[in-house]
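Colleague: Chain by chain, the residues run as shown.
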Amino acid sequence: NAGVTQTPKFRVLKTGQSMTLLCAQDMNHEYMYWYRQDPGMGLRLIHYSVGEGTTAKGEVPDGYNVSRLKKQNFLLGLESAAPSQTSVYFCASLAGGSREQYFGPGTRLTVT
Amino acid sequence: RKEVEQDPGPFNVPEGATVAFNCTYSNSASQSFFWYRQDCRKEPKLLMSVYSSGNEDGRFTAQLNRASQYISLLIRDSKLSDSATYLCVVNFNTNAGKSTFGDGTTLTVKP
Chain Y
1 NAGVTQTPKF
11 RVLKTGQSMT
21 LLCAQDMNHE
31 YMYWYRQDPG
41 MGLRLIHYSV
51 GEGTTAKGEV
61 PDGYNVSRLK
71 KQNFLLGLES
81 AAPSQTSVYF
91 CASLAGGSRE
101 QYFGPGTRLT
111 VT
Chain F
1 RKEVEQDPGP
11 FNVPEGATVA
21 FNCTYSNSAS
31 QSFFWYRQDC
41 RKEPKLLMSV
51 YSSGNEDGRF
61 TAQLNRASQY
71 ISLLIRDSKL
81 SDSATYLCVV
91 NFNTNAGKST
101 FGDGTTLTVK
111 P
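In order, the protein sequences belong to chains Y and F.
Going letter by letter, the first sequence gives residues 1 to 112 in this note's numbering.
Going letter by letter, the second sequence gives residues 1 to 111 in this note's numbering.
Next up, chain Y with everything else stripped away, as it sits in the complex (with noise of 0.2 Å):
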């Protein structure tokens, strides 16, 4: 099992432009999420998902876009990136019943 990747590791942006963070899980998992963390601080979330077809927001929302088409997908997309949105982007998933989060590597992403 690879568990949970994510794509791409690092990405830098201008100003204005978009694009989409992908997160894959192998593990079967129901609940997915994403957060973000900035420099010494901890994960916040952004946006969770229970379930294909289901997305809910979370603490930071603004700004982003998710989807989750696939069960096994979680899409994070940022439609208009800002200096504010530079970040390490990591997923997670999660099994129902369980109270493990397993994470994947991390998206750096920056924003000029």
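Note that these hints are calculated values from the structure, not bench results.
Fair warning: there could be bad hints in the mix.
To be verified - Listed below are the simulated BS3-like cross-link pairs for lysine-lysine, each with C-alpha atoms no more than 30 Å apart in a straight line:
1) Y:K9 with Y:K71
2) Y:K71 with F:K42
3) Y:K70 with F:K45
4) Y:K71 with Y:K57
5) Y:K57 with F:K2
6) F:K98 with F:K42
7) F:K45 with F:K79
8) Y:K9 with Y:K70
9) Y:K71 with F:K45
10) F:K98 with Y:K9
11) F:K42 with Y:K9
12) F:K45 with Y:K9
13) Y:K71 with F:K98
14) Y:K14 with Y:K57
15) F:K98 with Y:K57
16) F:K45 with F:K110
Claimed, not checked - Here are the in silico distance ranges between beta carbons for each label pair:
17) F:L80 with Y:T20: 37 to 43 Å
18) F:L74 with Y:K57: 35 to 41 Å
19) Y:S80 with F:P10: 35 to 41 Å
20) Y:D38 with F:L74: 27 to 33 Å
21) F:T18 with Y:D38: 28 to 34 Å
22) Y:S80 with F:N27: 30 to 36 Å
23) Y:K57 with F:T18: 40 to 46 Å
24) F:A20 with Y:D38: 23 to 29 Å
Stated by the list, open to error - Chain F regions said to be covered by chain Y (calculated; three or more residues, Cβ under 8 Å):
25) 42–56
26) 96–102
All C-beta atoms, glycine included, are put in the ideal place defined by N, C-alpha and C.
For chain Y, the structure is supplied; the task is to place chain F on it using the hints.
Modeller: Leaving out everything else, chain F in the frame of chain Y:
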């Protein structure tokens, strides 16, 4: 006030030392509690869950005090490999598994 607050750190300790991290949470309806470990520029990984009765895993002991809304992590006989950032994590809604993370406490164990 943040929902989950941790000791600001950093903690710099010699090998073999015992070190304790504290964490407080503000939502009394919180349901489950964890310590995650995050190495530099890596993803967080679950270190241990925290139970009301307290639990131990080798050199690591976690305690929960629901009345005081307080969680702790004790590391005995610190190793160089324990150097990392330790994140306190609280779940308020286990149905969605949503977690709130503390900002983390950085530990450096020195020879």
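Colleague: Could you run down the list of hints and mark each one as holding or not?
Modeller: Status of each hint after checking the structure:
no.	hint	verdict
1	Y:K9 with Y:K71	22 Å, holds
2	Y:K71 with F:K42	25 Å, holds
3	Y:K70 with F:K45	25 Å, holds
4	Y:K71 with Y:K57	18 Å, holds
5	Y:K57 with F:K2	19 Å, holds
6	F:K98 with F:K42	21 Å, holds
7	F:K45 with F:K79	18 Å, holds
8	Y:K9 with Y:K70	21 Å, holds
9	Y:K71 with F:K45	22 Å, holds
10	F:K98 with Y:K9	24 Å, holds
11	F:K42 with Y:K9	12 Å, holds
12	F:K45 with Y:K9	18 Å, holds
13	Y:K71 with F:K98	18 Å, holds
14	Y:K14 with Y:K57	25 Å, holds
15	F:K98 with Y:K57	11 Å, holds
16	F:K45 with F:K110	22 Å, holds
17	F:L80 with Y:T20: 37 to 43 Å	40 Å, holds
18	F:L74 with Y:K57: 35 to 41 Å	36 Å, holds
19	Y:S80 with F:P10: 35 to 41 Å	37 Å, holds
20	Y:D38 with F:L74: 27 to 33 Å	29 Å, holds
21	F:T18 with Y:D38: 28 to 34 Å	31 Å, holds
22	Y:S80 with F:N27: 30 to 36 Å	34 Å, holds
23	Y:K57 with F:T18: 40 to 46 Å	42 Å, holds
24	F:A20 with Y:D38: 23 to 29 Å	27 Å, holds
25	42–56	holds (count 6)
26	96–102	holds (count 7)
Checked against the numbered hints given earlier, the structure satisfies every one of them.
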